[in-house]
Amino acid sequence: MDTADRANAPVVVAIDGPSGSGKSTVSRAVAARLGLSFLDTGAMYRAMTWWMLANEVDVNDAEAVAVACGKPVIVSGTDAAGPTITVDGQDVSGPIRGQQVTSQVSAVAAVPQVRARLVELQRGCAEVADRGIVAEGRDMGTVVYPDATVKIFLTASEGARAERRATELRAKGLDEATITAMAADLARRDAADSSRETAPLAQAADAVLVDTSELTLDQVIDTITGLVEQRAGLSAV
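If you want my numbering, it's the 1-based position in the sequence shown plus 30.
Keep in mind the hints are simulated off the structure, nothing from the lab.
In this text, all values refer to a predicted model and were calculated from it rather than measured experimentally.
Derived Cβ-Cβ restraints for the label pairs, each shown as a range:
hint, residue 1, residue 2, range
1, Ser225, Gly263, 35 to 41 angstroms
2, Gly124, Arg153, 25 to 31 angstroms
3, Asp88, Gln260, 43 to 49 angstroms
Glycine included, C-beta positions come from ideal geometry on N, C-alpha and C.
Using the sequences provided together with the hints, build the complete structure.
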């Protein structure tokens, strides 16, 4: 994309990174500060997984998942103040965060037909975003939005990510056994997402690496907001 085309293109901020790096919290905050739409693409894969499980599709049968993935109607609300996710008109924002979906989502996300379907939906969300969009996931900068205005790869040490997730789960009142199981699942999901054949988790060549291990949330938000303001000519609203 040349300079003239980029100047006229919608503002797209692509934020990728592993589980527990703070992508969702940071992305929502950046979107809210700059008046942009927000898209949690991980929620879309979770919604697809939830539908598969609810409809008794064997998520470990890639062919069955591929055949079924065109059936559910998945709609992502992109208001940073209150993002929503529905499947066939049903609000699934709560159910998709359960352990059953969490443990199976990597298998569903690895199916090429699932990714093709959801990438189309993700690109559509950006096209209708009035001011622009902040999209977070695992292949935003490498596959979904290769010409994004700003690409960020957000990461943190495995220990920092595990501790953050544990703190988050304790705040939700979960017991220690569940927290331990979900922490172990974090590393497994990272390995699965990084090694899959289709659109693996990877840092785009032109993405800015932001390691949040020793940074406060406000410092991370300020860093990314500053990059967007500089490259896209936006200012906070």
